[in-house]
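Colleague: Spelled out from the first residue to the last, the chains are:
There are 2 protein chains.
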Amino acid sequence: MKSMLLNQQYLFTPGPTPIPERVKLAMNQPMIGHRGQAFSQLLEDVSTRLAPIFGSKNPVLLIAGSGTSALETAVANVIEDNDHVVVIVTGAFGERFANICEAFGANVHRLNIEWGKTCAPEILEDYIKKIDVDVKAVFATYCETSTGVLNPIRQLGEITKRLTDALFIVDGVSCIGAVPVDMEEWEIDILVSGSQKALMLPPGLAFIAINEHAKKVIKTCKTKRFYFDLNRYQSSFDKDKSTPFTPAVSLIYGAQEVCQMIEEEGFSQVIERQQLLKKMVREGIKALDLPMFVSDEDASPTVTAVKPMNGTAGQIKKLLQDNYSITVAGGQKKLKGEIFRIGHMGYCTPFDILKILSGLEMSLYDLDGRKVFGNATTIAEEAWRNHVQNTSN
Amino acid sequence: MKSMLLNQQYLFTPGPTPIPERVKLAMNQPMIGHRGQAFSQLLEDVSTRLAPIFGSKNPVLLIAGSGTSALETAVANVIEDNDHVVVIVTGAFGERFANICEAFGANVHRLNIEWGKTCAPEILEDYIKKIDVDVKAVFATYCETSTGVLNPIRQLGEITKRLTDALFIVDGVSCIGAVPVDMEEWEIDILVSGSQKALMLPPGLAFIAINEHAKKVIKTCKTKRFYFDLNRYQSSFDKDKSTPFTPAVSLIYGAQEVCQMIEEEGFSQVIERQQLLKKMVREGIKALDLPMFVSDEDASPTVTAVKPMNGTAGQIKKLLQDNYSITVAGGQKKLKGEIFRIGHMGYCTPFDILKILSGLEMSLYDLDGRKVFGNATTIAEEAWRNHVQNTSN
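The listed protein sequences derive, respectively, from chains H and U.
In the numbering used here, each residue's number is its place in the first sequence (first place is 1) plus 5.
In the numbering used here, each residue's number is its place in the second sequence (first place is 1) plus 5.
Honestly, I wouldn't trust all of these hints.
Note that the list lumps identical chains together, so a pair holds whenever it fits in one copy or between two copies.
[Said to hold, decoys possible] Computed list of lysine-lysine pairs in DSS-like fashion (alpha-carbon distance at most 27 Å, straight line):
1) LYS338 / LYS244
2) LYS339 / LYS246
3) LYS246 / LYS338
4) LYS229 / LYS338
5) LYS246 / LYS284
6) LYS323 / LYS246
7) LYS244 / LYS323
8) LYS246 / LYS341
9) LYS7 / LYS227
10) LYS62 / LYS227
11) LYS224 / LYS338
12) LYS341 / LYS244
13) LYS229 / LYS341
14) LYS244 / LYS376
15) LYS166 / LYS135
16) LYS291 / LYS229
17) LYS62 / LYS135
18) LYS244 / LYS339
19) LYS229 / LYS135
Quick caveat, the hints were computed from the structure, so don't treat them as lab data.
Full structure from sequences and hints, please.
Modeller: Shown next as structure tokens:
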């Protein structure tokens, strides 16, 4: 099918996400040595400017590695053999956290939640009371990329701290930079994220924010580690704003530009834009009579999972790709073939939402001839216009 | 001092190294999802084309991380608690290999060589005979970045295999892509490298080449690991040319262009160019009466260490930076203040060598008024011209 699209490709996966032109240009700055003053200034600037985005009082530590390396860092620096940990599993990435904990010898208590739902606070409360062991850490996923839910981290943190002495450790990979977070108020001890989601960068940079309590635990943790040893990163940063090992210089240049972009737009404005994108994509899809996989209340503002009837998720995903050069993600693990997922975080505007909705309208016609042209885009455009009107009043 | 240099900066550190414009452009290609066909084709292409550069029969595995993550991967996948290992320590990076082995619980036998010298084969032979234990692996550094020596890997491999059943594991970080290597003939089981040296990329991509023998050991190794577990990378690659965790897509795009550049020049031509650069830089520096830290025979074609008299290394380094915007590296650990190091690998031509030599000539005048203008550049230019003449005959 001739798509008339100049062979352009449109990326709507929940990571990697599109990279802004100015971030690309920033990454292309001349390479610098990582043991000089210029790099130290760069690192300090980025680590400090990322802190408010992570709701952290401390500068954010940077490791060359992908999102999973951030998760492993959060585990390997605090968990020792036979420690009891609770992992809230709301999807594939909660499962990954649990697998990493097991790989590092923990006794993992999986609090399994039906995929597509968040972990309600009272469920965690009951679970912690029930297992009745000394828990070293509770692991939670802020946005579960595989299902598109946004867990109530603040309440989960409150329960963790009320009932246990455990560390509260949060995977923020697919939402940090797009959602509010406050490590102190929400009682998060370790918050990790990756570069290729709401932070508008290529994959390859891992972010770790830790509070003072976590620092103490990390200092005494005996688990074997070297590259991911946060003591090394913290002391290099404290000493001379450097990294213990060669840093991902070009990505850190890019991160500096991302901080600049977020500050220019205003972080609260970014968060609000993400809420609008969520509203537009969900209202639009509902107008197409496609069932949402997640309720409005549970849904993340960064990724939206759709569960079309009759198992047509795979076909729709393929039509979007083949006919309109739009890439969305399929379902993972037990959701394979059941859902497709639209990423709408980071470098994403309301116009981009109209693009994916328009592609969906046309793909549904291609699928079975149903004429829904304009149904989703009309309602999404109205939602956008109303939002602008309401906020400018 | 007004350097008349348009505020341009000239990077001559032994990593990171300058990035070719066309590699930057390649890295700026639109982001793609890492679970699609396009990425699989990219990964297969890059892994396969890197194989001859690593002298590997198998496609090279790629991990998002820096050079040290490659070293850790080589350790964590084969070494178990209390294993005896021999680490040939010719400088700071041999020391790092030893430290990683210790962090993972090995009994480390350090074969300490005077810094600035290579490990002569007979020294390894005597050492292995002397320690008289069952050695799980022998670790060697091909180019020791901290001193600029190039160890005789082929002979060290031969001795390792003749005297032991150990794996022979080689750190090729600061030379692979600039020097010959043949994993089969040289009996190397694991060869690792990083992106930011001779491979002309920003830091953040780790390369691991393994042979069939190593694969078997890796399969049964019980050491706790997750992100660096090579079984996961190998099986994802074998299954569908993917990675188990989000790959560093932009750097892999860049690696594809680097393979293209190396193939266009011809890998044997690259190796020859590196030899010429070594000759030019060394003859030039000798013409300035600056003492070399390493003998011609022991020296690497990728990095050259200079040990000026009267401890002026730090001053010369500073003058190069302040007056001519040239960044070289200082000495590490026990060589701090004793030497400076010039990186000349990857995206480096004979003209670049004339640049650093010219900067040196002027810095020596700035240092103490000695007039050596043209001494180094003249002889280096002659060496270049003679080389061209000889090879075109």
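Colleague: Against this structure, judge whether each hint is valid.
Modeller: Status of the hints after comparison with the structure:
1. LYS338 / LYS244: For LYS338 and LYS244, the Cα distance is within 27 Å only across copies (16 Å; inside one copy 44 Å).
2. LYS339 / LYS246: between (44 Å within a copy, 22 Å between copies)
3. LYS246 / LYS338: The answer is between: 18 Å across copies meets 27 Å, while 41 Å in one copy does not.
4. LYS229 / LYS338: between (31 Å within a copy, 24 Å between copies)
5. LYS246 / LYS284: Neither. Shortest intra-copy (41 Å) and inter-copy (37 Å) distances fail the 27 Å Cα cut-off.
6. LYS323 / LYS246: between (47 Å within a copy, 20 Å between copies)
7. LYS244 / LYS323: Close across copies (21 Å), not inside one copy (52 Å); limit 27 Å.
8. LYS246 / LYS341: between (44 Å within a copy, 19 Å between copies)
9. LYS7 / LYS227: neither (59 Å within a copy, 53 Å between copies)
10. LYS62 / LYS227: For LYS62 and LYS227, the Cα distance is within 27 Å only inside one copy (26 Å; across copies 38 Å).
11. LYS224 / LYS338: This pair counts as between: shortest inter-copy Cα distance 24 Å, intra-copy 36 Å.
12. LYS341 / LYS244: Answer is between; shortest inter-copy Cα gap is 17 Å, intra-copy 48 Å.
13. LYS229 / LYS341: neither (36 Å within a copy, 29 Å between copies)
14. LYS244 / LYS376: neither (64 Å within a copy, 40 Å between copies)
15. LYS166 / LYS135: within (16 Å within a copy, 57 Å between copies)
16. LYS291 / LYS229: Neither: 50 Å inside a copy, 46 Å across copies.
17. LYS62 / LYS135: Close neither inside one copy (34 Å) nor across copies (54 Å); limit 27 Å.
18. LYS244 / LYS339: between (47 Å within a copy, 19 Å between copies)
19. LYS229 / LYS135: neither (31 Å within a copy, 30 Å between copies)
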